[in-house]
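Sequences are here, hints too, so could you generate the full structure?
These protein sequences, in sequence, are chains A and B. Start counting the first sequence at 40; every next residue gets the next number (the working numbering). Start counting the second sequence at 40; every next residue gets the next number (the working numbering).
Keep in mind that the hints are not guaranteed to be accurate.
One copy or any two copies: either way a pair holds, since identical chains are not told apart in the list.
[As the list claims (entries may be wrong)] Subject to a maximum C-alpha distance of 27 Å in a straight line, what follows is the list of computed DSSO-like cross-link-like pairs (lysine-lysine): (1) K581 / K322; (2) K642 / K114; (3) K263 / K157; (4) K553 / K333; (5) K581 / K517; (6) K642 / K356; (7) K491 / K604.
If you're looking for bench data, these hints aren't it; they were derived computationally from the structure.
Number of protein chains: 2
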Amino acid sequence: SNSIDNTTSSENNHPSLILTQQGVAAIRANLGSIPIFDKTLAATQKEVDLEIEKGFDVPTPKDYSGGYTHETHKKNYVLMQKAGALYQILDDEKYAKFVKDMLFDYAKKYPTWPIHPKPRSYARGRVFWQCLNDSNWLVYTSQAYDCIYNYLTEEERSTLETDLFRPFADHISKESPQFFNRVHNHATWGNAAVGMMALAMDDAELLDRALNGVKVENFDPNEKDNDGGYIRKDGQKIGFFANVNEPFSPDGYFTEGPYYQRYASYPFLIFAQALQNKQPEQKVFEYKDGVLLKSVNALLNLSDVDGDFFLLNDAQKGMSYYNSSLISTVDIGYHFGGNNPGLLSIAKKQGEVTLDDAGLAVALGIKAGKEEPFVKKSIELSDGADGDEGAVGILRSDDLELVYKYTAHGLSHGHFDKLSFALFEDGDEIVQDYGMSRFVNIEQKGGGNYLKENKTWSKQTIAHNTITQNEKSQFKGKYDIGSKFHSNTYVFSSDNENVQVASAKEENAYPGTKLHRTMVTIKDEDYRNPYILDIMRVSSEKSNQYDLPLYYLGHIMQTNFEYNKLSTPQILGKSDGYQHLYKEASALANGENIKLTWLLNNKFYSYSAITSTNDEIILGRIGANDPAYNLRNEPTLILRKKNAKDALFVSIIESHGTYSPVTELAEDAYSNVKLLEVVYNSEKYTAVKLVMNTNTAKVFIISNLDNSSETAHKLEINNKEYAWKGSFILTEIK
Amino acid sequence: SNSIDNTTSSENNHPSLILTQQGVAAIRANLGSIPIFDKTLAATQKEVDLEIEKGFDVPTPKDYSGGYTHETHKKNYVLMQKAGALYQILDDEKYAKFVKDMLFDYAKKYPTWPIHPKPRSYARGRVFWQCLNDSNWLVYTSQAYDCIYNYLTEEERSTLETDLFRPFADHISKESPQFFNRVHNHATWGNAAVGMMALAMDDAELLDRALNGVKVENFDPNEKDNDGGYIRKDGQKIGFFANVNEPFSPDGYFTEGPYYQRYASYPFLIFAQALQNKQPEQKVFEYKDGVLLKSVNALLNLSDVDGDFFLLNDAQKGMSYYNSSLISTVDIGYHFGGNNPGLLSIAKKQGEVTLDDAGLAVALGIKAGKEEPFVKKSIELSDGADGDEGAVGILRSDDLELVYKYTAHGLSHGHFDKLSFALFEDGDEIVQDYGMSRFVNIEQKGGGNYLKENKTWSKQTIAHNTITQNEKSQFKGKYDIGSKFHSNTYVFSSDNENVQVASAKEENAYPGTKLHRTMVTIKDEDYRNPYILDIMRVSSEKSNQYDLPLYYLGHIMQTNFEYNKLSTPQILGKSDGYQHLYKEASALANGENIKLTWLLNNKFYSYSAITSTNDEIILGRIGANDPAYNLRNEPTLILRKKNAKDALFVSIIESHGTYSPVTELAEDAYSNVKLLEVVYNSEKYTAVKLVMNTNTAKVFIISNLDNSSETAHKLEINNKEYAWKGSFILTEIK
Ligand SMILES: [Ca+2]
Ligand SMILES: [Ca+2]
Ligand SMILES: [Ca+2]
Ligand SMILES: [Mg+2]
Ligand SMILES: [Mg+2]
Ligand SMILES: [Mg+2]
Ligand SMILES: [Mg+2]
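Next comes the structure, spelled out in structure tokens:
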């Protein structure tokens with residue numbers, strides 16, 4: 040027998056995936072006195088009752104997402120999962136019968152369905168056009184099966200397992216190794232799907248397959264998926280644990296970024312929960328020093344004050360911790376991760392819990408008043424399986440959140456955006472990362488799939504707030520090259536809330552050119568808000584053109600430089616994303632500071648930058664070569680230095696004032712920065728002087744080669760000696 | 040003596056403008072038990088106490104708005120008004136002393152100040168650059184004086200009145216008849232200023248001047264103000280009552296539109312309140328059948344569900360009934376207008392009341408739980424002193440608000456936009472009126488004043504959702520011509536909430552061409568939202584080009600027609616606003632319905648329109664010839680018919696679906712309109728057939744010549760006879 044405990048499948052250990060027998064007893068005992076759980080239960084019951092009344096359909100697979108058969112099968116598995124939980128919690132057989140009837144309909148039809156007729160996927164399913172969706176189905180359905188296990192006769196179970204579950208699991212694993220044997224969110228779903236059904240059926244062989252992958256003789260290491268991502272590197276470990284190990288850094292950062300972590304976190308955590316409940320000896324939550332639980336904290340820290348995820352790599356704006364997969368994430372994180380009271384406040388905002396043991400724990404925690412705010416502080420999250428492949432640095436200072444990216448590539452969803460940043464205030468993006476070119480599930484826009492502009496625009500370097508050299512994207516815009524490298528943390532220091540520093544280096548994006556960017560948040564008691572100092576230092580072996588864009592969002596109020604507005608916009612370049620930018624206006628710098636003030640959401644922002652004579656300033660807009668209106672027509676300012684070997688871009692971004700269209704009063708509408716000046720720049724040190732309009736002056740110095748916090752430095756600038764310990768100093772001068 | 044009651048000024052009748060002796064007693068008796076009043080009082084006290092501590096300044100006038108002397112004098116009058124009220128309510132002499140000290144400083148300096156040095160105004164003040172601001176000063180200061188009247192000795196009062204108030208009032212009236220003797224919001228402020236000080240001082244001569252204007256021998260009827268508005272028509276009545284009579288229609292609509300009504304309503308109502316308190320025999324609130332009180336209701340009805348005013352004529356977006364002048368408007372409207380409980384709910388949202396008798400009445404009403412929702416229904420507000428110069432028709436249907444403009448010109452703030460409309464859903468503009476080109480009080484943008492684009496773009500016809508003929512604005516874009524005419528209501532019917540109709544005609548905008556537009560909101564039980572049917576019928580004596588833009592806001596999702604996107608945008612035309620539009624793409628119609636679906640605020644909207652073969656469809660964007668980034672780069676779709684004498688533009692606008700970036704689900708993303716068809720069109724009748732995707736079909740017929748609701752009509756279309764009573768019918772067909 041395949042059975043895990045070497046006995047026949049036992050009715051004594053069901054349910055045991057997300058609900059346990061003890062959990063069900065506790066839930067039943069508390070029902071009616073746990074408001075957030077009761078509310079979720081009532082809503083679920085209402086929804087499922089309505090669907091039971093309407094009856095279900097199990098149609099022959101035919102459509103892509105958005106189409107009837109796709110959406111119906113998707114609805115079916117969600118309903119089965121919910122009905123299964125309702126059966127356990129409410130002890131009402133109509134829910135079990137609903138699941139059973141639907142499962143038997145599937146068991147009757149599934150064996151007759153060939154491979155899905157739509158050809159687009161590198162791994163086609165049988166119910167859906169891709170194995171990924173088939174895996175979704177199995178992750179949910181395994182929970183439903185576990186819940187009604189004892190309601191079924193042994194013969195019924197045997198029919199379902201033989202006709203439906205085993206062939207289903209085989210299709211997405213043995214028959215689709217290019218899907219199952221990856222380190223990728225697709226494979227994570229596949230592994231979790233097979234693993235959860237294995238646990239539901241007590242099938243040791245299937246569980247081993249889920250945890251360790253399918254043994255396959257020959258595989259092609261050059262094979263790629265639909266998005267151009269590699270299937271599998273030679274020698275790469277596979278299966279669930281490999282999928283936990285590789286994409287998560289020791290800090291719990293998921294290399295594809297928060298948008299995909301949000302999606303992936305459901306199978307990771309739901310399967311971990313099931314494994315913990317059924318086989319606690321696997322110690323899944325202790326794996327890699329508890330990385331799955333750390334990932335919950337990391338993911339929540341990758342959201343702005345409203346809970347919207349930062350845009351890193353492919354990501355759609357507006358995705359947030361209100362997404363349903365985050366309900367599980369938060370509840371499981373709370374239940375298995377030591378009952379962090381901060382998670383209760385997020386669960387409360389979500390207004391919903393999972394209908395299982397974890398959801399009960401959260402509901403009881405809230406009921407007991409244990410809730411505390413989930414405080415997000417400045418944090419650096421390392422990237423890479425070993426945490427040594429760069430990081431994301433998040434500096435939080437009052438209402439500002441600066442997201443600075445110096446990571447590895449991020450697998451197939453990565454962007455060529457080393458050393459880029461985005462800035463948020465009060466949960467609104469002020470200096471944006473464009474995100475992806477895709478309208479997920481909006482069929483009119485390319486079927487809701489990735490649009491070609493995702494590759495030609497969104498992933499390109501010029502679409503980001505970082506350096507593009509010679510109008511070519513980093514790593515030649517090639518995934519194969521970009522995947523081999525990562526940036527490196529240089530300094531991350533957030534202990535002093537008045538001067539927080541994130542500094543990183545990138546030396547592979549453009550061979551022969553070294554980039555070193557230092558971003559600083561400075562709290563100055565003279566002003567209402569902190570401001571951002573940005574020092575981008577470029578050193579190259581030869582002369583290049585360097586473009587540094589600022590994707591400010593909002594309406595230009597004023598510039599301190601004269602620009603020549605073109606009568607009609609011109610296309611900025613030919614390739615690497617430049618073909619999607621319009622040049623609207625330009626100016627030549629005279630070597631003095633330039634300043635741009637803009638208005639967004641009734642707040643005034645300013646960008647002040649040091650220039651060299653003949654630097655070019657380009658006022659641009661996204662939207663050229665966009666035949667189907669797929670792009671958003673948002674503005675940018677590009678500071679361009681030509682024929683430069685070494686270059687230093689220094690700027691300050693401020694949020695300095697407000698406007699009210701109701702009172703019509705503008706407060707602090709002008710920048711507070713009077714003068715920015717480079718007072719020293721060598722291989723060893725870079726020093727910038729900041730003079731504010733109160734005439735106070737500060738100097739910020741960074742040591743460019745020694746990032747130790749212990750080293751003592753001494754430097755004379757303009758006959759004044761500066762001495763300090765550690766890699767940087769900000770000091771006021773007379 | 041000049042005294043009104045032919046006695047010397049009496050201490051027995053102070054305060055008596057906005058606070059009365061009885062009012063003060065009642066306020067003092069209720070303090071501490073009237074939360075909204077107590078809260079406002081505490082905030083005011085805190086603010087004034089802080090200023091008393093800091094001390095005040097009365098600087099020599101020098102600056103335009105935004106500058107120090109301007110802002111300081113403005114702050115001073117507001118503070119005096121507040122301190123005066125605090126003195127009465129709290130009976131604390133420090134407030135009276137503060138007002139007295141400041142007034143004496145003004146009394147000492149004012150006589151030494153010549154005309155204000157800044158030359159921009161057609162009527163320069165002495166404290167401010169324009170008499171308008173001097174009048175603001177006096178309106179507020181008269182209230183302060185009234186409050187501390189009894190605190191002053193007769194000699195002190197004599198000094199203030201002789202050295203400050205009378206010369207001040209004389210300057211803005213006798214010495215500035217081009218300002219004072221107008222029918223214009225400027226003159227309203229002037230009249231109210233002089234009138235309120237007259238009441239405070241008991242000066243009958245001054246009061247007569249306020250109510251009836253200054254007698255001047257010769258005036259120039261061709262004289263214009265800074266904005267190009269006429270000063271005064273020959274034979275026009277002047278003074279406060281004339282200013283109430285002319286701009287307000289019998290429905291209380293203010294011809295300049297809600298943005299300026301909001302501004303003007305303060306002097307109208309604050310002076311009316313003072314006049315009512317002091318000279319009830321004037322029956323000011325009964326004047327013109329109670330038009331001042333009706334204006335409160337009209338103004339509130341000209342706001343969307345959030346309280347933001349609709350954009351009619353010059354108007355800045357975001358102005359709302361939260362503006363401070365609306366606090367008085369609502370409180371006075373409640374106190375003197377029969378205690379409408381709906382106003383209490385608005386006062387409650389405002390969270391603030393005036394510190395006077397009216398504010399007390401509101402606070403007591405709220406305390407007594409009398410509050411009811413302020414329900415805004417469909418309403419037509421006539422324009423013109425006699426209500427016969429067209430109207431604004433507002434159709435409200437579920438969450439949609441359609442604002443259809445067929446008014447008179449709107450004085451110097453009018454736009455050339457006859458028969459234009461705007462559409463709101465849930466308080467957000469979906470199809471926009473651009474508003475004005477001005478960033479009020481944002482000094483960086485042209486000093487916060489009107490920008491030149493206001494004239495070259497915002498006022499022009501093509502900037503609006505109405506017909507432009509031959510690329511020329513209505514009335515040749517000339518104020519002198521536009522001011523002579525108005526559109527006419529044809530039908531306004533809102534009794535049947537399923538079919539509401541606003542229909543109007545314009546026959547002067549383009550001589551020889553007649554425009555007749557009918558807008559219909561249709562509630563159809565098959566769909567979640569009502570939709571808008573729009574029939575624009577054009578008849579001309581000769582062939583013309585007709586452009587009908589749709590200023591949709593949002594991102595294009597899909598069109599059902601192929602368009603040719605230009606590689607770089609082209610400027611659409613040479614003048615009349617066309618020079619500010621970019622053509623981005625175009626298409627030629629093949630005679631079938633065209634459809635545009637767009638996404639805004641996560642809602643899907645569609646525009647479906649009937650076309651004739653070779654109609655041109657232009658996808659455009661605002662922003663050409665905008666050297667200083669003064670314009671917003673928003674999109675439009677223009678349907679262009681060339682070489683046409685008569686033309687019929689028929690379209691439907693729907694709000695049909697929603698998107699969530701959190702669940703990533705798109706619901707009802709597609710238009711429900713299958714086919715729109717003109718089935719009959721003659722001089723007498725126009726009939727349109729609407730086929731929906733449920734295959735239900737409806738016919739809407741309008742009688743083009745007879746708008747009586749009593750006439751019986753009979754019409755045969757396609758062998759089917761339609762018989763109905765009244766000017767229109769919507770009927771389902773098989
Ligand atoms: Ca990695
Ligand atoms: Ca946000
Ligand atoms: Ca609004
Ligand atoms: Mg990116
Ligand atoms: Mg990006
Ligand atoms: Mg207008
Ligand atoms: Mg307008």
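Against the structure, the hints come out as follows:
1. K581 / K322: neither (54 Å within a copy, 86 Å between copies)
2. K642 / K114: between (43 Å within a copy, 23 Å between copies)
3. K263 / K157: Within one copy only: 19 Å inside, 72 Å across.
4. K553 / K333: neither (33 Å within a copy, 71 Å between copies)
5. K581 / K517: For K581 and K517, the Cα distance is within 27 Å only inside one copy (22 Å; across copies 62 Å).
6. K642 / K356: Result: close both inside a copy and across copies, 21 Å intra and 15 Å inter.
7. K491 / K604: between (30 Å within a copy, 17 Å between copies)
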